[in-house]
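Q: Listed in order, the protein sequences are those of chains A and B. Take the first sequence: its letters are residues 1 to 444, numbered as in the working numbering. Take the second sequence: its letters are residues 1001 to 1300, numbered as in the working numbering.
One thing to keep in mind: the hints can contain errors.
Said to hold, decoys possible - If you anchor each label on the Cβ, the simulated ranges turn out as follows: (1) B/G1044 with A/V227: 49 to 55 Å; (2) A/R12 with B/P1046: 41 to 47 Å; (3) A/K315 with B/L1041: 54 to 60 Å.
Since the hints were made in silico from the structure, they are not lab data. Beta carbons are placed, not taken as given, at the ideal position from N, Cα and C, and that holds for glycine.
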Amino acid sequence: MTDLCQSQRAMRHIRKAAMQRGVMAILDIGSAKIACLILRFDGPERLREVDGVGPMAGQSSFRVIGAHITRSRGVHFGEIAVMNETERAIRTAVQAAQKMANVRVDHAIACFSGAEPRSYGLAGEWDLQDSVVTEPDVARVLAACDVPDIGEGREVLHAQPVNFALDHRSGLGDPRGQIGNRLACDMHLLSVDAAVVQNLLYCIKRCDLELAGIASSAYASGISSLVEDEQELGAACVDLGGGSTGLSIFIKKHMIFADAVRMGGDHVTSDIAKGLQVPLTTAERIKTKHGGVLATGMDDREMIEIGCDSGDWDKDRRSVSRTELIGIMRPRVEEILEEVRDRLEAAGFDHLPSQQIVLTGGGSQIPGLDGLAARILGQRVRLGRPLRVQGLPQAVTGPAFSSAVGLCLFAAHPQDEWWDFDIPAERYPARSLKRALKWFRDNW
Amino acid sequence: MQPLTAPRRAAGSVRHRDPAPSKAAYRLQRLWLTPLFRALLRTGVPAFIVTFAVGSYLGDSDRRLALATSLADMRASVAQRPEFLVRMMAIDGASPALADAIRAVAAVALPQSSFDLDLAMMRARIVTLDAVAEAEVRVNPGGVLHVDITERVPALVWRTPGALELLDASGKRVARVLARADRADLPLIAGDGADQMAPEALRLLAAAQPLLPRLRGLVRIGARRWDLVLDRDQRILLPPENPVRALERIIALDQAQDLLARDIVAIDLRNQARPVLRLAPDALRALRRAGGIQTVENTL
Chain A
1 MTDLCQSQRA MRHIRKAAMQ RGVMAILDIG SAKIACLILR FDGPERLREV DGVGPMAGQS
61 SFRVIGAHIT RSRGVHFGEI AVMNETERAI RTAVQAAQKM ANVRVDHAIA CFSGAEPRSY
121 GLAGEWDLQD SVVTEPDVAR VLAACDVPDI GEGREVLHAQ PVNFALDHRS GLGDPRGQIG
181 NRLACDMHLL SVDAAVVQNL LYCIKRCDLE LAGIASSAYA SGISSLVEDE QELGAACVDL
241 GGGSTGLSIF IKKHMIFADA VRMGGDHVTS DIAKGLQVPL TTAERIKTKH GGVLATGMDD
301 REMIEIGCDS GDWDKDRRSV SRTELIGIMR PRVEEILEEV RDRLEAAGFD HLPSQQIVLT
361 GGGSQIPGLD GLAARILGQR VRLGRPLRVQ GLPQAVTGPA FSSAVGLCLF AAHPQDEWWD
421 FDIPAERYPA RSLKRALKWF RDNW
Chain B
1001 MQPLTAPRRA AGSVRHRDPA PSKAAYRLQR LWLTPLFRAL LRTGVPAFIV TFAVGSYLGD
1061 SDRRLALATS LADMRASVAQ RPEFLVRMMA IDGASPALAD AIRAVAAVAL PQSSFDLDLA
1121 MMRARIVTLD AVAEAEVRVN PGGVLHVDIT ERVPALVWRT PGALELLDAS GKRVARVLAR
1181 ADRADLPLIA GDGADQMAPE ALRLLAAAQP LLPRLRGLVR IGARRWDLVL DRDQRILLPP
1241 ENPVRALERI IALDQAQDLL ARDIVAIDLR NQARPVLRLA PDALRALRRA GGIQTVENTL
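Just chain A, with the same shape it has in the complex (with noise of 0.2 Å):
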């Protein structure tokens, strides 16, 4: 854990670079497509007085100058499965969007749903040496935390002090300088598989960038598509991804919980093409094109030509009615939803005040997604869209880039992570001094 606390810790300082410099990449590596978005930082938020929108999630610092999407290759899960398709992929995004915004960029923000991401909570105490609370106080009392046994080959992804408690109050947001005995600390630590952390650190110093921070897509989609009062009453975000499903739980600004299901849109997709015989592409187009989950008596009535180019005349003249598409359809959504739902049980959802969930990414454009949602997950139930971002084109401002738009917002404007703060370490040359002082005084 310590090696990789030392090299978040060093993808901090690189972001503070990339921040000087004022340019970096955003890197949304999912299963269907490869997002890169370059930013621009122009200093200080020069629009707040202006347009009186507040600082609200550091949005108005940073300027999207360069957007690029391709279509992703070798990753499925959210994980790097042929790791120089990956890279190519890399490449093209990231060539594009460099070429749109005609600069270099050094530095990269990623984020990818898969590794299995699992979720602890983590407490911690200390008891105050002054009583007043320093930032070594809330460094110690992020250290006192008991780290449990997260298994082998997994690693730290994120560790956000979620709630600081200091004697019997809790819900303090920033403890530093208020007066106490004992302070008290909430963490919320996520691990993933090191292997595919591995694998995609590698891959990105492969496409020549310098990672400069690296993020879960449940959180980034998390932060871009809840609006500030879901996040600070309480909500869930399902970002319905192409190989995976990311799901994130939000109260008091804070993630508290993330996991994803190993199920997406690549599987209706593979369904639709096992149901109907089609290649996958064409089951990709007829998704997109007349997909949908729930059917109406209009549906048996519209009739889908399956094109294809088998060369045999009666396979490839086929047709089906769109009630049959949405027959294949909604069983694998209805799965994912369920799978959802008991994840979302499991990390006990039902005890949180609001019960508010938000489904975004590219799967959440399913027409009637949301009245099968509510009828699955419960009735509150709403389809997010990211955050406005400045200069963000108007072709990446769908659900699919919740998480690209959130990475934009997690890199302008990142949360304290555990290892943003310095354990002081013990003060020794002070007490010696001191007790060299002493031993003169008593023998001079």
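Using the hints provided, position chain B relative to the given structure of chain A.
A: This is chain B only, laid out in the frame that chain A set:
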């Protein structure tokens, strides 16, 4: 397992181009987007190429010589055209003697191309002549080198131990005269540093207008003050400050009491509060005798 190397496509089949850039292309594009590299390539490389080409061409001394020769020939072929040839020199506003001096000083070998004439230098040489106050040198169309001269106007004659010089109103030397009689129309001054105070001398002479028939000249004493010398060796010793005023006083006295017609050797006005008359010896004796004072006199 599938073979790891990509299958070779048959010739003639439609090749699906990989949309991904090759590693080299990717690196090249990133390099091209590097500002320093870009600046280097856009300015540094052309500058280097030009410098290298020119340098390698001029590295050979024969080529350099040939180039210099051809350039000189080209210039000469233009300069030697009759349109640019200066055939004669015209001097305006100078007396014949001065014109000869100017021709000697300018030392232009005519005919000459106007490209080879250094007019500024020529003008500087002409202006060194004392008699020239202002000179303008230009080449007029038709191949005429035109020199416009403003001569200095002599206003004073200055007697120095060795010679007689003519000075203009500002005290600059104009020329030398051999005898005072050559320029009897000009007033005479003498003494060290008299030329530097020529304007004051002129003012004094203007003030001394009533005494003009008797005036011999002005003498600068000790580079400090003036003596007005009249005939009969009469002198008026003027103070260093405000000599014109003192002179006007004397003239007023003269007009009222006919002072200067008397037997006086000098009138000393150096001390303004106490002007002193120096009488001629006979006049002094007569005065004393008239006052009943007997003096014992000897011939010594």
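Q: Decide, hint by hint, whether the structure agrees.
A: Verification of the supplied hints:
1. The given range of 49 to 55 Å is respected by B/G1044 and A/V227, whose C-beta atoms sit roughly 52 Å from each other.
2. Taking 41 to 47 Å as the suggested C-beta distance range, the pair A/R12 and B/P1046 conforms, at roughly 43 Å.
3. The given range of 54 to 60 Å is respected by A/K315 and B/L1041, whose C-beta atoms sit roughly 56 Å from each other.
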